[in-house]
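Protein chains: 2
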Amino acid sequence: MLTQTLKGFRDFLPKEAKKRQYVIETLKKVFESYGFEPLETPALEYEEILTGKYGEEGDKLMYKFTDNGGRKVALRYDQTVPLARVIAQYGDALPMPFKRYQIQNVWRAENTQKGRYREFLQVDADIVGSPSPLSDAEIIALAVKSLEKLGFKNYKILINDRSLLDSIPKSAISAIDKLKKIGKDGVLKELINKGIPKEKAQLILSEIEKKKPTERINNILSYITPIGVKPLKCEFLPTLARGLDYYTSTIFEIEIDGYSAGSVCGGGRYDNLIGIFAGKQIPAVGFAFGFDRLIEAMEELDLFPKDLNTSNVLVTVFNNELLDKSIEAAEKLRKNGINSELFLDPEQKMEKQLKYADTKGVPYVVIIGPDEAKNNTVTIRNMQTREQKTIEIEKLPDEFKK
Amino acid sequence: MLTQTLKGFRDFLPKEAKKRQYVIETLKKVFESYGFEPLETPALEYEEILTGKYGEEGDKLMYKFTDNGGRKVALRYDQTVPLARVIAQYGDALPMPFKRYQIQNVWRAENTQKGRYREFLQVDADIVGSPSPLSDAEIIALAVKSLEKLGFKNYKILINDRSLLDSIPKSAISAIDKLKKIGKDGVLKELINKGIPKEKAQLILSEIEKKKPTERINNILSYITPIGVKPLKCEFLPTLARGLDYYTSTIFEIEIDGYSAGSVCGGGRYDNLIGIFAGKQIPAVGFAFGFDRLIEAMEELDLFPKDLNTSNVLVTVFNNELLDKSIEAAEKLRKNGINSELFLDPEQKMEKQLKYADTKGVPYVVIIGPDEAKNNTVTIRNMQTREQKTIEIEKLPDEFKK
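Protein sequence lines, in the order shown, are assigned to chains L and H. With our numbering, you'll find the first sequence wraps up at 402, consecutive numbering, no jumps. With our numbering, you'll find the second sequence wraps up at 804, consecutive numbering, no jumps.
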């Protein structure tokens, strides 16, 4: 029988799933420390709520179908359009500004050859209803604090005001955005390839490089230091454009030193999108983490804690007669707040039980054989050093509380 | 523009989302304390992996469609068939017994008039690869400890061995299962309605009531007390059948006293299902919580903590000149581990800022006006009692650490 996942879809076995949970839980804690609250929206929405909001490309990549009741439905494509629907639907019941985070999967029928996935987790935090640059500053600070909490120490925040690009022909923007990556010559070449005469291209580029921060950007930069973001980490980059059309002023990206696959976080102010369902302008600012990139960067920089294993202790079972002793020991450990599991197959040889601890990455094993049972002791084996020691059963929890 | 969710699909606004998170996090901690580890599988699977596994009814309620690449796909319908696929796909890479929990949404095109949802969270914990009754006992203990951790004190575990029903005609089983609910007369009536002669029906019923626990059930009951489940909570109920055909021996349900909508947890041993993809018998035992029922029961019994609010403190902003002081205070609180948020719109009147705290359920508000700024103090307002007091700014974190 077929046993495979669809292209672009992934299983997360325990080892990976625990890493993901660690990142999610860490981010949630930081988000909540700033008063951001969770929001969940359905995986399926009426198709008409989603279509036309993500451009032609989006409509093409969307998972759409007709349900059993003949309704045209589509799978969540991002978390911003659902947020806009929620704002229109519940309006006055929500506190304003509405600060929410949302951590759910989205689905896009991407070309998987580019290393993209068709199901991936999005991590969004947004502030809806506040036009103040203070909100922009808090969003940037929140992203920075999140990264620091995950262990990233060296990073750079690139910031710009999208309105500075208003005078640039739309077709030129994506080329200019690449300045940091491909250099001046590269950008010029791309602009010329797009049919812009060389002189005009040079003019566009030199003009944009001369731009000064807007009042909003200066305000943000002045707020951001008291909130705890080191000013040296911030760089005003007038060529930064970001792909999405919907940004209206502030835009920013965060790059991690030593991780080259791209920025791990991006966001900005988008004052015209959230109101589309409500039929009025509603200011908003927010960011998204690239969750898969975060995981990859943490992997590369070795930032995951070493003790993400679920169980601290495996209590083995010597034989059926001594099972009660083992049950008791495991229960005693758990009562003292130590994650510990009992080996569940008393018929298995000790060797197999130790191998189980190895496969699962359980660092300590407790053995209660006839001698231990007689003397009210237990033997503790350190799975890494293979050292063993025998202690009184009463002292077992203390051994792991240290 | 349309702003509504599909029938049977729900948004969870922050207040509800936080309750859900609280339950999920509590359950995860208990699961992990027993060595159960998280597994995630994709929302979409090849249709052929899912079809034919849930009976005719299941195939009808499944969300199926053809994707852009012409593949026939279906949305996750439960978490057991994906588990069976995972076991076959990764086999030897997994520790055995494989103890996993899985907490993801499933989708079923149910008749919503019965108060059923089309997208709902499933909470499953299973042990794959161990035939031992010790595993059955641990699964039941795990369910019980989870409920106790959530605050449920009075509950009843109903337990039976499905094999005791082997001699009963299949058509009679669902009627017999209702004995506790509709009484003897009710069951007899239903059996007769199904075309079973009255005498035969009486015989079936009296026979089943005389059944004694099997050796497996006795073993489970003997293990379960040392694991910490009070024996009085367990009732052997030979008429318990549970709906699903796939159970092979142990079955159990847990009912909460004072919550009448039905059992909140059910499970059992199913030794023939997990191996269908691997082409061999693989023993397994597990349970599922009815997540929506859990939430409802906790609501009814008032078991949610009162302090699920995200922020402990709202730091208001008196005016733009005093903004720095407020930023500083909020940051100081956060640095001391106190969730606190800054009001993000310095132009708003104090009254509106207090209303925001009220809407969001933030219990304390900090005010720094000109007097406070001059004297290096802050005023703290208790939003419930409306009491205010002014303290030195240095002492602010201590005020909330208590």
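Quick caveat, the hints were computed from the structure, so don't treat them as lab data. Each residue gets a CB set at the ideal place from its N, CA and C atoms; glycine is no exception. Just to be clear, a hint being listed does not mean it is correct.
[To be verified] FRET-style restraints, in silico, Cβ to Cβ:
#1 L/370 to H/617: 18 to 28 angstroms
#2 L/111 to H/635: 50 to 60 angstroms
#3 L/69 to H/599: 48 to 58 angstroms
#4 L/369 to H/627: 48 to 58 angstroms
#5 H/609 to L/321: 28 to 38 angstroms
#6 L/149 to H/412: 23 to 33 angstroms
#7 H/771 to L/228: 20 to 30 angstroms
Outcome of the hint check:
| no. | hint | in the structure |
| --- | --- | --- |
| 1 | L/370 to H/617: 18 to 28 angstroms | holds (26 angstroms) |
| 2 | L/111 to H/635: 50 to 60 angstroms | holds (55 angstroms) |
| 3 | L/69 to H/599: 48 to 58 angstroms | violated (42 angstroms) |
| 4 | L/369 to H/627: 48 to 58 angstroms | violated (24 angstroms) |
| 5 | H/609 to L/321: 28 to 38 angstroms | holds (37 angstroms) |
| 6 | L/149 to H/412: 23 to 33 angstroms | holds (31 angstroms) |
| 7 | H/771 to L/228: 20 to 30 angstroms | holds (24 angstroms) |
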